[in-house]
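Protein chains in written order, with the working numbering: chain A, 10 to 360; chain B, 10 to 360.
Be a bit skeptical, because a hint or two may be false.
Note that identical chains are pooled: a pair holds if it fits in a single copy or bridges any two copies.
The calculated EDC-like cross-link candidates involving lysine to aspartate or glutamate, where the alpha carbons are at most 20 Å apart (straight line), are [said to hold, decoys possible]:
no.	residue 1	residue 2
1	Lys44	Glu252
2	Lys44	Asp349
3	Lys44	Glu209
4	Lys267	Asp40
In case anyone wonders, no lab produced these hints; they're calculated from the structure.
Source: prediction; values computed, not measured.
Number of protein chains: 2
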Amino acid sequence: MGAFPASCPIPLERYPVITMAHGGGGRLMRDLIDKMFATAFDNRWLREAHDSAALEAGEGRVAFTTDGFVVSPRFFPGGDIGSLAVNGTVNDLAMSGAVPQYLASSLIVEEGLAMDELWRVVSSMARAASEAGVEIVTGDTKVVGHGAGDGVYVTTSGVGRIAAGVDVSPARVRAGDALIVSGDVGRHGVAIMAVREGLEFDTEIESDCAPVHREVRALFDAGVDVHCLRDLTRGGMASAVVEIAQSAGVEVEIEEPKIEVRDEVRAACEMLGLDPLYVANEGRFVAFVPECDTVAAVQAIASAAPEGVAPRVVGRVVDAGPGGSGVMLRSSIGAERALDLLSGEQLPRIC
Amino acid sequence: MGAFPASCPIPLERYPVITMAHGGGGRLMRDLIDKMFATAFDNRWLREAHDSAALEAGEGRVAFTTDGFVVSPRFFPGGDIGSLAVNGTVNDLAMSGAVPQYLASSLIVEEGLAMDELWRVVSSMARAASEAGVEIVTGDTKVVGHGAGDGVYVTTSGVGRIAAGVDVSPARVRAGDALIVSGDVGRHGVAIMAVREGLEFDTEIESDCAPVHREVRALFDAGVDVHCLRDLTRGGMASAVVEIAQSAGVEVEIEEPKIEVRDEVRAACEMLGLDPLYVANEGRFVAFVPECDTVAAVQAIASAAPEGVAPRVVGRVVDAGPGGSGVMLRSSIGAERALDLLSGEQLPRIC
Numbered sequence: 010m011g012a013f014p015a016s017c018p019i020p021l022e023r024y025p026v027i028t029m030a031h032g033g034g035g036r037l038m039r040d041l042i043d044k045m046f047a048t049a050f051d052n053r054w055l056r057e058a059h060d061s062a063a064l065e066a067g068e069g070r071v072a073f074t075t076d077g078f079v080v081s082p083r084f085f086p087g088g089d090i091g092s093l094a095v096n097g098t099v100n101d102l103a104m105s106g107a108v109p110q111y112l113a114s115s116l117i118v119e120e121g122l123a124m125d126e127l128w129r130v131v132s133s134m135a136r137a138a139s140e141a142g143v144e145i146v147t148g149d150t151k152v153v154g155h156g157a158g159d160g161v162y163v164t165t166s167g168v169g170r171i172a173a174g175v176d177v178s179p180a181r182v183r184a185g186d187a188l189i190v191s192g193d194v195g196r197h198g199v200a201i202m203a204v205r206e207g208l209e210f211d212t213e214i215e216s217d218c219a220p221v222h223r224e225v226r227a228l229f230d231a232g233v234d235v236h237c238l239r240d241l242t243r244g245g246m247a248s249a250v251v252e253i254a255q256s257a258g259v260e261v262e263i264e265e266p267k268i269e270v271r272d273e274v275r276a277a278c279e280m281l282g283l284d285p286l287y288v289a290n291e292g293r294f295v296a297f298v299p300e301c302d303t304v305a306a307v308q309a310i311a312s313a314a315p316e317g318v319a320p321r322v323v324g325r326v327v328d329a330g331p332g333g334s335g336v337m338l339r340s341s342i343g344a345e346r347a348l349d350l351l352s353g354e355q356l357p358r359i360c
Numbered sequence: 010m011g012a013f014p015a016s017c018p019i020p021l022e023r024y025p026v027i028t029m030a031h032g033g034g035g036r037l038m039r040d041l042i043d044k045m046f047a048t049a050f051d052n053r054w055l056r057e058a059h060d061s062a063a064l065e066a067g068e069g070r071v072a073f074t075t076d077g078f079v080v081s082p083r084f085f086p087g088g089d090i091g092s093l094a095v096n097g098t099v100n101d102l103a104m105s106g107a108v109p110q111y112l113a114s115s116l117i118v119e120e121g122l123a124m125d126e127l128w129r130v131v132s133s134m135a136r137a138a139s140e141a142g143v144e145i146v147t148g149d150t151k152v153v154g155h156g157a158g159d160g161v162y163v164t165t166s167g168v169g170r171i172a173a174g175v176d177v178s179p180a181r182v183r184a185g186d187a188l189i190v191s192g193d194v195g196r197h198g199v200a201i202m203a204v205r206e207g208l209e210f211d212t213e214i215e216s217d218c219a220p221v222h223r224e225v226r227a228l229f230d231a232g233v234d235v236h237c238l239r240d241l242t243r244g245g246m247a248s249a250v251v252e253i254a255q256s257a258g259v260e261v262e263i264e265e266p267k268i269e270v271r272d273e274v275r276a277a278c279e280m281l282g283l284d285p286l287y288v289a290n291e292g293r294f295v296a297f298v299p300e301c302d303t304v305a306a307v308q309a310i311a312s313a314a315p316e317g318v319a320p321r322v323v324g325r326v327v328d329a330g331p332g333g334s335g336v337m338l339r340s341s342i343g344a345e346r347a348l349d350l351l352s353g354e355q356l357p358r359i360c
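For reference, chain A alone in the conformation it holds in the complex (with noise of 0.2 Å):
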């Protein structure tokens, strides 16, 4: 990353925009390759030239994960989808339990696409597997005809290690864990709808945005013995551990009190008719603990955590009674409710 550079790499005055032919195979997709790709995400196994990357394995399992992004609009407060890609990756190897290394990126661009917007984009996923400390090690670029795509689409997968010892899943999810969440929840999507819709406001939303995997490693590191994690994306907070619950065949009680959601991102969701419990966020996740690790578990994600957010424990599980695995909320005046999956969808293409 040493001469990483300023600009768009690729003469924009010969190339204003991308062209059928940089996806063809031929010289200009050699350019672009070797000119933006290669430079932006510099390294040996790119200096390779070849089809795969050649991997040094190291000890332990290998967590391996895909996700694509189709965020739209492309740039919003606090992040973009070069950056969401990446560390939404980052973010689920975290959530095995696995320190993140090699990330792949697979691009499908449309026709038409301002070449500097796509060095905006690929500049930020540079960016950001920088700061998570991962290798963006092998890629690959299509080109669509113009209305066949929406600039740009981005999936990223991700190969870590997962040290042994460490077994991070729904099956060790038992009564009596503590559930935490990493800090406040319902920015990201917000932040999103927002710029879609046009919505001012005194204190301008930030998606959250960011990879949470250091957060990971002090839990473990706390020497906490993590039954399960979960980030919070596309369902947000209530789907993520109404899919844990179910999975693990428990009974998970929330206490909605204790959940922070900012005001202004409140507020938003009020005029939207939203449930912020429902909103994507892109740097948040759940912990399901021991009861006894609960203290050092919240003291670990707050040593890594990004400055002025904070974890809470906001429920704990019981033994699923004669209703079923599910998850119960409880208001700030006693009043319950069940929390269950979306029939539908609240957002649409937010990540």
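Fit chain B to the given chain A structure using the hints.
The following block gives chain B in isolation, referenced to the frame of chain A:
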């Protein structure tokens, strides 16, 4: 794959087409994952329903690759976008000398796609994975609005295992190496173009879409010291050899008459104004091997090749002269022409 259903497991009378909600993180998405993907790709990693798959690492280095597929039309003689995506990524792994093991699937689906058509793609992926002996262990699906895609785009990423001692890379190509092509060239791109242009031939041209890792495995099993491998996708055989020659800093001489192009492919290329050497294939590769291993290499590839497909020695590597690295093609009448990357593209959206 025991209970693999013949028809779409989503009730088509209720959900005849994909809606935005199928990508929204709620119940419809969960249904799509549980009923369609988990059914088609069934394995223990998917049953864990976690953000990443945790894989046993085994010995040696890990190969990692990704490839996006946007082919139009989605279904063509000899394959479809699903089998293409699986074979393409299996082949990219094989080209680094790896044994392909695990795939990840990321779909970007356009709202309004017929559910049954998605099932045809997904079940084709499952069949291709089964035939290639790999497991699809993790995935993601996003839905974009009508007009922001083209039915379905597939990104497949893969990991495989590179055995100790295997070192396949352009850097190992040297003067004296034989250049072997694993079969006839030009079929995939021409099969796609024939459908697009509505061309009719006496013999239908079928794509050569197929996994090639068994042919690669046969090379190693025969003890051939494989220097470099490359599959002949976008840009065809010519571009693949030019890229390797440039990376390796060598000159490659090719005898054009030794390259097999089927009569109907040659006729279609003439009609369409295409050079078959630049047309994409999806089940062909070149191998650079030491001269002394030439016979063993041809026999090994032939032993594992599909019926009717035969490898041939088509050229050799010589020291780069003062003209620098490159590729020289000698025709049947002895005329020589230098091959280079095409300046643009020959065929859009063939893979």
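Verification of the supplied hints:
no., hint, verdict
1, Lys44 with Glu252, "between (43 Å within a copy, 16 Å between copies)"
2, Lys44 with Asp349, "between (48 Å within a copy, 19 Å between copies)"
3, Lys44 with Glu209, "neither (39 Å within a copy, 42 Å between copies)"
4, Lys267 with Asp40, "neither (53 Å within a copy, 31 Å between copies)"
Hint compliance for this structure: hints 3 and 4 are broken, all remaining hints hold.
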